[in-house]
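Using the sequences provided together with the hints, build the complete structure.
If you're matching them up, the sequences are chains A and B in order.
Take the first sequence: its letters are residues 304 to 443, numbered as in my numbering.
Take the second sequence: its letters are residues 304 to 443, numbered as in my numbering.
Simulated from the structure, these hints should not be mistaken for lab results.
Idealized CB from N, CA, C, for every residue including glycine.
A hint or two may mislead.
Claimed, not checked - Looking from chain A toward chain B, a few residues come up when the C-beta cut is under 10 Å (computed): (1) Gln306; (2) Asn316; (3) Tyr325.
To be verified - Straight-line C-alpha distance at most 16 Å; calculated EDC-like pairs for lysine to aspartate or glutamate: (4) A:Lys358 to B:Asp421; (5) B:Lys403 to B:Asp388; (6) A:Lys330 to B:Glu393.
There are 2 protein chains.
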Amino acid sequence: MRQKLNIVTLGVNDLSKSVAFYEDSLKWKRSDASTENIVFFNLGGIVLALYPKDKLVEDVTLKFNMEGTSPITLAYNAKTEQEVDDLLFEVKNLGAEIIKPAQKVFWGGYSGYFKDLDGNLFEVAFNPFVTFDENDNLMI
Amino acid sequence: MRQKLNIVTLGVNDLSKSVAFYEDSLKWKRSDASTENIVFFNLGGIVLALYPKDKLVEDVTLKFNMEGTSPITLAYNAKTEQEVDDLLFEVKNLGAEIIKPAQKVFWGGYSGYFKDLDGNLFEVAFNPFVTFDENDNLMI
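Quick look at the structure:
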């Protein structure tokens, strides 16, 4: 696993309201890769994604405690489907818990989730629609 | 607020055990800025920090639900103490909740926390011991 994370995803209660906070209030510029379902802000080295909490919980296939803070996931973008498989196999052997085995997902990619020793959620995904710069940052 | 986040901090149950997962298992290289109390991994654009959960909860001055996942905080490094004050004043006016007013903190910096509309925890900190590269990334 390269020493890299590509996306921090915040699960939000009301996407348009949350987007307005970052976009209208903080004056951050959304990425053109954003859709009506997910909004990206390229922070120069990592991408912040806002995604509805219920969809995120569904995507992770994990029941979340809806009280308190929202779920956050940390994503690592692999460069092939094989790398996703290899990496999940590797971290499982290292003691991480596989939450969602790698599988084709609705947005056209191939993705799985693991939990680290403290319960933090890591997605490992191959996304055929993105490219990387020379520092392995997503160009979105 | 510049369109930037500098640090993702994971609250961990057992620092040495969690560090071993990233360092020994994933073969990530810790930053020389790490201490016995906090460990940094520079991911090229953002820094991943591992910090004991109880200390993180104490630092945020927020009681966390200890069940389920661990706390995660997202940090923005300001370049002056004044910028910390200005930014917290600004986000408060924008509807964010100030969790910890800006104050001198034990590690020698000046820091406060706010919660966004969904309860995500953002630290705004001035750290006199760090420098930035030309892309506002921390050089640690």
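Original post:
Would the hint on Gln306 of chain A stand, with a C-beta cut-off of 10 Å toward chain B?
Top reply: holds, 5 Å
Original post:
Under the criterion that the straight-line Cα-Cα distance not exceed 16 Å, is the pair Lys358 of chain A, Asp421 of chain B satisfied?
Top reply: holds, 15 Å
Original post:
Under the criterion that the straight-line Cα-Cα distance not exceed 16 Å, is the pair Lys330 of chain A, Glu393 of chain B satisfied?
Top reply: holds, 12 Å
Original post:
Given the hint that Lys403 of chain B pairs with Asp388 of chain B, does the C-alpha gap stay at or below 16 Å?
Top reply: holds, 12 Å
Original post:
Would the hint on Asn316 of chain A stand, with a C-beta cut-off of 10 Å toward chain B?
Top reply: Holds: closest Cβ of chain B sits about 6 Å from Asn316 of chain A, inside 10 Å.
Original post:
Once the shortest beta carbon distance from Tyr325 of chain A to chain B is found, is it less than 10 Å?
Top reply: holds, 8 Å
In terms of the numbered hints stated before, the structure departs from none.
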